[in-house]
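Student: Sequence:
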Amino acid sequence: MWHHICSNANVKNEKMRPMNYNELNFDGMTREQELSMSAAFPALMRKVYVWMTLALVITGVTAYGVATSPGLLTAIATNSILFWGLIIAEFGLVVAISSAINRLSLTTATLLFVLYSVINGATLSFIFVLYTMSSIASVFFITAGTFAVMALIGYTTKTDLSSMGKILFMALIGLIIATIVNIFLKSSLMETVVSYIGVLIFVGLTAYDSQKIKQMLMMAPDAGEAAQKLALLGALSLYLDFVNLFIYLLRIFGRRE
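By the UniProt record's numbering, the letter at position 131 of the sequence shown is numbered 131, and the numbering carries on one by one without gaps.
What the hints contain is simulated information worked out from the structure, not anything from laboratory work.
Predicted model only: the values in this text are computed from it and were never measured.
There's no promise every hint is true.
[Said to hold, decoys possible] In silico DMTMM-like cross-links for lysine to aspartate or glutamate, where the CA-CA straight-line distance does not exceed 20 Å:
| hint | residue 1 | residue 2 |
| --- | --- | --- |
| 1 | LYS212 | ASP222 |
| 2 | LYS214 | ASP160 |
| 3 | LYS212 | GLU257 |
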């Protein structure tokens with residue numbers, strides 16, 4: 001579950017959700033299934049990153065499209081009902097995908113993920129108004145590099161990151177509270193501090209989620225629909241990590257228009 005906050009023409013994007021990896025349970029594996037696990041696992045991991053990448057592309061294209069359409073941008077910026085309707089829709093879609101994954105077909109879950117990516121792109125369109133294109137591009141590549149390194153660390157490390165995940169989740173709750181408080185305080189110093197803390201939290205969550213996704217997909221006996229839905233949840237989790245890391249880095253390094 002995550003919370004997306006926007007105020008004073010500045011986009012602030014937080015997630016607050018324990019991914020329900022344990023929602024999907026697999027029957028006990030036979031010896032033959034254990035031996036075939038190595039064949040299913042790489043395919044499932046590829047799906048995680050393919051879905052995540054496609055979602056990022058959809059979000060980016062949508063954000064740019066809305067930003068370059070004065071009518072749409074004005075409608076979202078000036079119509080509070082529309083804006084908060086989009087925010088509530090985002091929240092509802094994440095909850096629906098995460099909590100109802102067992103009851104959804106893979107096709108339905110995928111379509112909901114695509115819809116979420118589109119709506120998220122619409123609400124993030126303001127970054128193209130607030131920041132220069134060159135700084136957006138620079139921060140994107142910084143985010144991509146940082147994300148790749150932390151995802152690789154989470155994937156390859158032998159250290160159990162479970163305890164770190166609990167700490168990061170508690171820190172995330174504190175971060176969201178601080179962000180809400182600063183909506184009223186309007187402190188530039190506090191905003192800067194929150195941004196740096198946000199970067200640290202989502203850098204850590206990237207490694208944690210990467211390890212957790214790997215562990216859960218390794219338990220999948222095959223690449224059937226249940227395992228693919230688990231991979232979709234993993235893609236959603238990493239997508240949120242990437243987007244939030246990008247937003248916080250943009251708030252630190254982005255150059256204003």
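Student: Against this structure, judge whether each hint is valid.
Tutor: Right, here's what the structure says about each hint:
Of the supplied pair hints, the one linking LYS212 and ASP222 holds, its CA atoms being roughly 18 Å apart against a limit of 20 Å. Restraint check for LYS214 and ASP160: the C-alpha separation of about 12 Å stays at or below 20 Å, so the hint holds. Annotation: proposed proximity of LYS212 to GLU257 is violated, straight-line Cα distance about 39 Å (limit 20 Å).
Hint compliance for this structure: hint 3 is the single one not met.
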